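At position 102 of the sequence shown the residue is numbered 102 (UniProt numbering), and the sequence of numbers has no breaks.
If you are wondering where the hints come from, they were derived from the structure by calculation, not from laboratory data. This one's a predicted model, so the numbers in the text were calculated from it and none came from an experiment. We treat Cβ as the ideally placed atom computed from N, Cα and C, and that holds for glycine. Take every hint as true, because none was put in to throw you off.
Quick list of the computed label-pair ranges, beta carbon to beta carbon:
{"id": "1", "residue 1": "18", "residue 2": "89", "range": "29 to 39 Å"}
{"id": "2", "residue 1": "101", "residue 2": "8", "range": "33 to 43 Å"}
{"id": "3", "residue 1": "46", "residue 2": "94", "range": "14 to 24 Å"}
{"id": "4", "residue 1": "28", "residue 2": "80", "range": "13 to 23 Å"}
{"id": "5", "residue 1": "44", "residue 2": "3", "range": "18 to 28 Å"}
{"id": "6", "residue 1": "80", "residue 2": "14", "range": "43 to 53 Å"}
{"id": "7", "residue 1": "7", "residue 2": "64", "range": "39 to 49 Å"}
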Amino acid sequence: MAQRYLANVVGERPGLDCLVLGCTHFPVLRQAIAAAVGPRVRLVDSAETTGEVVAGCLLRSDLRAGHRTRGRDGAGQAGVRFLATDAPARFARVGAVFLGEAIAPEDVELVDL
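I would like the entire structure built from these sequences, with the hints used as guidance.
Printed below as a string of structure tokens:
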């Protein structure tokens, strides 16, 4: 599918040497995108770069957690909260792909922005 969508992009730009992945969903599709555009096109992953910058900020500010716990605990331990603006079950399913581990839909809090 990536080949079909990217064929025109690559075909119309023979000098294309870099493609910026500017959406949070693209890291999951990175391998398919790389195969579609070929080895001459360098992929820049904005999500990876953003993560590196955030990690650096947390490190410099001494805000990194030593460990991670799930859910909302009152024990003062570092925790992970999942907030979604749409369908907690869908967020849990898709989020698990990015996180690399299961997310229970009941651990996702629906918020209204």
